[in-house]
Structures are given as structure tokens and as C-alpha cells.
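Colleague: Single-letter residue listing:
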Amino acid sequence: MNHREGNVAQPLAALDAPVPVDIATIATPRREASALAAVRLVLLRDLRLAFRKRSQLVQPLAFFAMVTLLFPLAISPELARLRELAPGVVWVGALLGSLLALEFLFRDDAHDGTLEQYALSGQSLTALMFAKTLAHWLLTGLPLALMAPLAAVSLGVPAAALPGILLAVAVGSVTLSLIGSIGAALTLGIKRSGALLSLLTLPLSLPVLIFGARATQLAIQGASFLAPLELLGALAVLGLTLAPLAAAAAVRISLE
Amino acid sequence: MPEQTIEVDNLHLWRGDRHVLRGVSFRLVQGGCLEVCGANGAGKTTLLRALCGLVYPEEGRVLWNGENVRRDMPSFHAALAYLGHEPPLKADLTARENLHYWIGVRRPLERTELDVALARVGAHTWCERLVRTLSAGQRRRVALAGLALLPVPLWLLDEPTTNLDREGRELVGELIGEQLARGGIVIAAVHQGLPAAAGTVTRLDLAA
Numbered sequence: 001m002n003h004r005e006g007n008v009a010q011p012l013a014a015l016d017a018p019v020p021v022d023i024a025t026i027a028t029p030r031r032e033a034s035a036l037a038a039v040r041l042v043l044l045r046d047l048r049l050a051f052r053k054r055s056q057l058v059q060p061l062a063f064f065a066m067v068t069l070l071f072p073l074a075i076s077p078e079l080a081r082l083r084e085l086a087p088g089v090v091w092v093g094a095l096l097g098s099l100l101a102l103e104f105l106f107r108d109d110a111h112d113g114t115l116e117q118y119a120l121s122g123q124s125l126t127a128l129m130f131a132k133t134l135a136h137w138l139l140t141g142l143p144l145a146l147m148a149p150l151a152a153v154s155l156g157v158p159a160a161a162l163p164g165i166l167l168a169v170a171v172g173s174v175t176l177s178l179i180g181s182i183g184a185a186l187t188l189g190i191k192r193s194g195a196l197l198s199l200l201t202l203p204l205s206l207p208v209l210i211f212g213a214r215a216t217q218l219a220i221q222g223a224s225f226l227a228p229l230e231l232l233g234a235l236a237v238l239g240l241t242l243a244p245l246a247a248a249a250a251v252r253i254s255l256e
Numbered sequence: 001m002p003e004q005t006i007e008v009d010n011l012h013l014w015r016g017d018r019h020v021l022r023g024v025s026f027r028l029v030q031g032g033c034l035e036v037c038g039a040n041g042a043g044k045t046t047l048l049r050a051l052c053g054l055v056y057p058e059e060g061r062v063l064w065n066g067e068n069v070r071r072d073m074p075s076f077h078a079a080l081a082y083l084g085h086e087p088p089l090k091a092d093l094t095a096r097e098n099l100h101y102w103i104g105v106r107r108p109l110e111r112t113e114l115d116v117a118l119a120r121v122g123a124h125t126w127c128e129r130l131v132r133t134l135s136a137g138q139r140r141r142v143a144l145a146g147l148a149l150l151p152v153p154l155w156l157l158d159e160p161t162t163n164l165d166r167e168g169r170e171l172v173g174e175l176i177g178e179q180l181a182r183g184g185i186v187i188a189a190v191h192q193g194l195p196a197a198a199g200t201v202t203r204l205d206l207a208a
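First to last, the sequence lines map onto chains P and U. If you use the numbering used here, the first sequence corresponds to residues 1 to 256, in order. If you use the numbering used here, the second sequence corresponds to residues 1 to 208, in order.
Calculated directly from the structure, the hints in this document are not laboratory data. One thing to keep in mind: the hints can contain errors.
Stretches of chain U that chain P covers, calculated by requiring three or more beta carbons in the stretch to come under 8 Å of a beta carbon on chain P [unchecked claim]:
#	stretch
1	23-34
2	49-61
3	85-91
Every residue gets a Cβ at the ideal spot worked out from N, C-alpha and C, and that includes glycine.
So here's chain P without its partners, still in its complex pose (with noise of 0.2 Å):
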């Protein structure tokens, strides 16, 4: 290839970069990356790229501790009163405080052509889709499940409570986020899709809005929450096989 370096300008000259190397040598040998270094490349670069932008990293975050704030200061400080309530207001915000991230899940990848890089990449789409979707769930559904026992705190729930309400958002928003990524995808062409987004996803979610409430009330009750802590994870795993493939398709779709 040396007659071909003869005859151009020679950019790198001027250099004082290191010595250039003929790309044919430095490439070979030709391997592709594993699916799981791929699956983790993916997750590493949301990941950072959260952590550039953090102001929407602490959205949904906020949305959530001002809704459970705002709950016992509108309706009464009795504290036996919000018990009974607490349920329904951790699960209601943390369904809402989880929708308002999706709309970014795709949207930024859709519009710089990383996402067609991720179709033609020779990778699993699906796998792909599922990092992604992992990263969205360790930057919303996790930070909510930490902060719902503060949440619930203040709701007057007894500390014995707490590890269970823990647990019951940590497994419950793992099919929030995987219902979001459907939603996410399938709305990536459509400009505002905010209001579709939640219109697709919220019925989707009612499974996990009503199981999470119920094991967060036994668990407050002191009762043994098992069995609807199982169901969640039912369908965290059901939500596990078919979601990746479904927004992997749906991805693709909106390509075309």
C-alpha cells in the first residue's frame, strides 16, 4: 500500500501523533465484540451519558418525593389516615415518576443515528434493547425504589414496613421500565409523544400498580407480603422475555 501513501498529501506529517499505522495491519485480526461486551458498552455509554446530563437523571426523582410530600400536608397530618393511603400514593408516584424518563429512553439515539448503528451493528437488537432498557431502570426504577421508604416515612409508615416497600418498587418499576421501553419505541416517530407514550404504557402497568399496592399494604399491615412480591416477579420475568424483542422490533420499524 505504500505506493498509494507516495502519491497524496500526507496529513499526518505534520503530526506529531504517533507513527501512522496501515489500518489493514492494526485490524486484523477481524473479530466482533461478544454479545455481552456489546450488551455492556451499551449499558457503560447510558450510563455516563446520564451522569453528563444529570438534570434528568433527578426529575423523576423530584416529581416523586414532591408528590409523597405533598400528600400529608393536602389531606390530614393523622398519621393513621395516610397509612391507609400510603399505598396507593408511593405506587401512583413512582408509576408517574417512571413515565416521565421514557420519553428520553430513545428519543436522543433515535435523532444522532446511534440507533441505526445499533440495528446494522451484526449485534443482537434485542440484546441491545434490553441494556438499555436496564440502564433506564438503574436510573429511575432503582433511585425511586431507595427513595420510597423515605416516602414512605412520611406517610406515617411503621420502619418493620419499610424493606418490604424496598423491595416490592425495586421488582415492580423492573416491568415498568421493560413496559416503557414497548411504549418508548413505538412511539420514537411521532414528535410530542408524551401523552401517547402514557396512553400506551399505563394501562400495561396496571398489573404491577395493583400487586405493588397490595404487597406495600400487607407489608405495612405486618403481614407476610409473599405472595403478591411473587406475582411482581412474575411479571418482571414475563416482562424479561418479551420486551427487549418487542422494542427491538419496534425500533426497527421506526427506521424505515
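Following the hints, put chain U in place on chain P, whose structure we already have.
Modeller: Showing chain U alone in chain P's frame:
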């Protein structure tokens, strides 16, 4: 690299009631370079996106090494690199981080390889800056560094020389020349023709 061929057979594509691709056919063997020319809106980008399977043509087929690409999309995708008219970069990551994630999803990447590719496109002095602070030409150069790190058999390039200065356009020519020399295939949608360093190219004109 084993023998590579791409064969496009009578591709028809409609966008609404607009007949964008009207029976496009061509065949390229390894070392072949195709320049896709045509006025704005003639369907250059659409053709590239149909080739790599992002859009479905209503009629016709694309054969890679004699096999219909629809049969095994993932392995066809693993054999191609597509560069759209916008560099696929994240504004909030640095040039180096962008390449690390973008190329790393496709193949294992070592730090020295990244350094070499970045130096090659003249990015070694500004590769730690956030992409949002880079000019359009600099972004295009980062995308070219990514391309240089993907020595797959088939390159599909959409206006690869946009926003580049003279030196940058020569770099595109050089990269294409190397790809052809190692037996790769290049299909590029271009406006003004590929730089001379690319070597001999076939031309395909799309009527508007």
C-alpha cells in the same frame, strides 16, 4: 478476505406514491467501488438504506456472496459498515469516548488502535473534547476514524466528504483506496464525485 460480491437485482421502492428506486441493478466484486450520483431527492440515501436493510424495498433483492441478505441479516450487518450523512456521535461524550462505545459494540478495541485512528484523522489534539464543541468537519473526521476502525468487507457511505476541507477529502479517498486494496467493496453516495485517491470507480446515476 475470501471472495466477496454484492449483487443488487431490480430494486424498486415506493415512498407513499413516489416511486423512488425504479429498478436499480448492479454487481460489484471485491475491490470494486461504486459512486451513486443523482440530484437531491433522487434516492441516493434511500438506496443505501435499502441495501443495508434499514428500509424494505417493495421489489427486488440484494445478494451478498450469492445469498439473499434477508436470510441472515445479522451476519450481513456484521460484514458492513454504514455511515449516514450525520456522524453517529453523542454530543455529550468526547470524540474518544464516542469511538470507544460505537466501535466497541462491534469489535474488541484496544487503546492504541483508537490512538492511531484518531491521529490519522488529525484528531489527536482535540479527541478529549466533547463532541458538542466540535465543528461539523471535525465530527465528520471522528466518524472517519470510526470507519477506519471497521475494516469489514462492505462500506456504505452517504456523502462521506461533506463538511471536510481539502485535506479531509483526500483522507476519505485514501481510506477508500485502502479498503479497495485489501479486497473490500465501497458504495458511496456522492455529490461531486469521490476524491482521486479512491482510484477507479464505477458510476451509477439515479434519475430524480
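Colleague: The structure should be examined with respect to each hint, and the outcome stated for every one.
Modeller: Status of the hints after comparison with the structure:
1. 23-34: Check failed, 0 qualifying residues.
2. 49-61: holds (count 5)
3. 85-91: holds (count 6)
When each numbered hint is compared with the structure, a violation occurs for hint 1 only.
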